[in-house]
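*Asks:* Chain B: place on chain A using the hints.
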Amino acid sequence: MTSPDAHVVIVGAGHAGGTLAALLRQYGHAGPVTLVGEEPIPPYQRPPLSKAWLKGEADAESLALKPLEFYAENRIDFRPSVSGVRIDRQRKVLVLSDGTELAYDILVLATGARPIRLPIPGAGLEGILELRTAADAEALKGALGPGRTMAVVGGGYIGLEAAASARALGADAVVLEREPRILARVAGEVLSTFFRTLHEGHGVRFLTGASVTGFRGEAGRVTGVELADGRVIDCDLALVGVGAVPNQELAQEAGLSVNRGVVVDLEARTSDPSIFAIGDVTLRPMPIYGRDFRMESVPNALEQAKQAACAITGRPAPAGETPWQWSDQYDIKLQIAGYNFDSDQTLVRGDPGSGRFAIFHLKGDQVQAVEAINSPPEFMMGRQLIGSRRPVDKQRLADPSISMKEVAAA
Amino acid sequence: MAKITFIQHDGTEHVHEGKTGLSVMEVAVKNNVPGIDADCGGACACATCHVYVDAAWLEKTGDKTAMEESMLDFAEGVEPNSRLACQIKIADGLDGLVVRLPESQH
Numbered sequence: 000m001t002s003p004d005a006h007v008v009i010v011g012a013g014h015a016g017g018t019l020a021a022l023l024r025q026y027g028h029a030g031p032v033t034l035v036g037e038e039p040i041p042p043y044q045r046p047p048l049s050k051a052w053l054k055g056e057a058d059a060e061s062l063a064l065k066p067l068e069f070y071a072e073n074r075i076d077f078r079p080s081v082s083g084v085r086i087d088r089q090r091k092v093l094v095l096s097d098g099t100e101l102a103y104d105i106l107v108l109a110t111g112a113r114p115i116r117l118p119i120p121g122a123g124l125e126g127i128l129e130l131r132t133a134a135d136a137e138a139l140k141g142a143l144g145p146g147r148t149m150a151v152v153g154g155g156y157i158g159l160e161a162a163a164s165a166r167a168l169g170a171d172a173v174v175l176e177r178e179p180r181i182l183a184r185v186a187g188e189v190l191s192t193f194f195r196t197l198h199e200g201h202g203v204r205f206l207t208g209a210s211v212t213g214f215r216g217e218a219g220r221v222t223g224v225e226l227a228d229g230r231v232i233d234c235d236l237a238l239v240g241v242g243a244v245p246n247q248e249l250a251q252e253a254g255l256s257v258n259r260g261v262v263v264d265l266e267a268r269t270s271d272p273s274i275f276a277i278g279d280v281t282l283r284p285m286p287i288y289g290r291d292f293r294m295e296s297v298p299n300a301l302e303q304a305k306q307a308a309c310a311i312t313g314r315p316a317p318a319g320e321t322p323w324q325w326s327d328q329y330d331i332k333l334q335i336a337g338y339n340f341d342s343d344q345t346l347v348r349g350d351p352g353s354g355r356f357a358i359f360h361l362k363g364d365q366v367q368a369v370e371a372i373n374s375p376p377e378f379m380m381g382r383q384l385i386g387s388r389r390p391v392d393k394q395r396l397a398d399p400s401i402s403m404k405e406v407a408a409a
Numbered sequence: 000m001a002k003i004t005f006i007q008h009d010g011t012e013h014v015h016e017g018k019t020g021l022s023v024m025e026v027a028v029k030n031n032v033p034g035i036d037a038d039c040g041g042a043c044a045c046a047t048c049h050v051y052v053d054a055a056w057l058e059k060t061g062d063k064t065a066m067e068e069s070m071l072d073f074a075e076g077v078e079p080n081s082r083l084a085c086q087i088k089i090a091d092g093l094d095g096l097v098v099r100l101p102e103s104q105h
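Line by line, the protein sequences give chains A and B. At position 55 of the first sequence (counting the first as 1) the number is 54 in numbering that gives the first Met the number 0, and the numbers step up by one without a gap. At position 81 of the second sequence (counting the first as 1) the number is 80 in numbering that gives the first Met the number 0, and the numbers step up by one without a gap.
So here's chain B without its partners, still in its complex pose:
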């Protein structure tokens, strides 16, 4: 289990527990967190679960896959700490993870 904080573009915070093995995207969607669309359900096909990983957590969330990098390259408002939430798997080391959401996923 890991506690994850999602911060919406307007500053609203949502804190939810995620089971190990789920993705950060799944935790957001199953808890109805606004701002993560996840059109493709985690197939890394749509880039609508774009998040900004808090600087303190960048290392622990690991590297982007080639496919993810390629999709993100064309998303709106991409920053060096951009990730697709469907590609970050929850592990014990991610307890306390903080991610920020972009204004729009489309």
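Here chain A stands alone, though its shape is the one from the complex:
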């Protein structure tokens, strides 16, 4: 346990960093807490940026994790518009981009991830956007509207959510995916097909197997996306959503253990006992799958914030959680529990045509992951089954006339 008057410096004021600062106070940490953020505003929720916020159903106040005055009231020294540039582990000092040196007892890296930028001709044109921050979302919202055409480069969840929101705002959307199907990296074929059909029904166009080679522009503004086969897709704006990379440079340059993410244990501690790391930037153990991996999700950021807060304040470690995530598109709620590792069978419960079904990924008779479409019981019970590693009767699981409670009780 850390001394109760230890100075905790959190670098990165996203969902993970903001939550940790609040939890430290909730758990009774008495020492100074400094929260350093690159963005000009206090921590906020990113998931609504591509959904409710983009459609105008949520405002800045509802996005904020806490009101601005919360930080001063709770003696959290929130420093906006500044980033960490160097860690001096010998002197236990974090050097900031404005030249300030912050002495720490405990340092927490919550630097997140950044969207991958395509190194292709025309990538610097105006109207080529990405979606990670509130400022990105503001730019996207300003560019969308009736009669506009948005090209989405990358058929992942962010791109699909933005396409759904664009349609709601009266804009056209065309999704360009390099792989033969959308969501290729994150979902199985049944789900890919379901979402493509759903979006097509709302007027979104898809080009799969479409390799983007460049952007065309006029007077410095994007007018089209060039494909490897020579086609040019006309657009008024292009949203690039092709994945993210961890902001691990600060850790790497300080000599911490880094491997496609900052390596941490289940206390969220790095290879330096005085330095923790939480959220999208980390590579963490996932005991239920017997492996380490990097997750980009809010539930993971919250779980690791809890792990670090407990370790710093001397509380017992929190129970392990089963990873999960969600997506909203049109009137569809997708809830995913677990990750599809090492599965040898895919089982669909319910009829995809009904808009209410779940896809279970199994390894033997254990559930590895579930993707539930408008099906909370399958999600909730599936999540419990993944966490408990209890075997299931696959025949009963495949039969929607048997309730999930009965399936799990068997």
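Check the hints yourself; a few may be wrong.
The following label-pair restraints were derived from C-beta to C-beta distances [to be verified]:
#: 1; chain 1: B; residue 1: 68; chain 2: A; residue 2: 390; range: 26 to 32 Å
#: 2; chain 1: B; residue 1: 68; chain 2: A; residue 2: 409; range: 20 to 26 Å
#: 3; chain 1: A; residue 1: 343; chain 2: B; residue 2: 75; range: 36 to 42 Å
#: 4; chain 1: A; residue 1: 393; chain 2: B; residue 2: 11; range: 31 to 37 Å
#: 5; chain 1: B; residue 1: 62; chain 2: A; residue 2: 31; range: 23 to 29 Å
#: 6; chain 1: A; residue 1: 215; chain 2: B; residue 2: 102; range: 55 to 61 Å
#: 7; chain 1: A; residue 1: 393; chain 2: B; residue 2: 102; range: 31 to 37 Å
#: 8; chain 1: B; residue 1: 2; chain 2: A; residue 2: 122; range: 50 to 56 Å
Keep in mind the hints are simulated off the structure, nothing from the lab. Every residue gets a Cβ at the ideal spot worked out from N, C-alpha and C, and that includes glycine.
*Replies:* Just chain B now, with coordinates in the frame of chain A:
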């Protein structure tokens, strides 16, 4: 505006004012009330803002949505007065609302 009392599992009370239109979950989270996790931020996707509504307020907080009912069905320690706080919107009629928090949201 409505005054809302949150009673933690250990009996500690937290009283906060909530603006009309916000959800009961948002009032708890923005005021750092322990015991409400709200992982999904109000998307009715996680069931980690489970509360027990005081008997006197059950009628005024209205009916559960189908999605909420379905999520709650699988949460720990569910009672007839269980609700997801993200689905209770603050209105003038809820001034004085009392909710109790479960021991754990996970």
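*Asks:* Give a verdict on every hint.
*Replies:* Results for each hint:
no. : hint                        : verdict
1   : 68(B) - 390(A): 26 to 32 Å  : holds, 29 Å
2   : 68(B) - 409(A): 20 to 26 Å  : holds, 24 Å
3   : 343(A) - 75(B): 36 to 42 Å  : violated, 31 Å
4   : 393(A) - 11(B): 31 to 37 Å  : violated, 46 Å
5   : 62(B) - 31(A): 23 to 29 Å   : violated, 47 Å
6   : 215(A) - 102(B): 55 to 61 Å : holds, 59 Å
7   : 393(A) - 102(B): 31 to 37 Å : holds, 34 Å
8   : 2(B) - 122(A): 50 to 56 Å   : holds, 53 Å
Hint violations for this structure: numbers 3, 4 and 5, all remaining hints satisfied.
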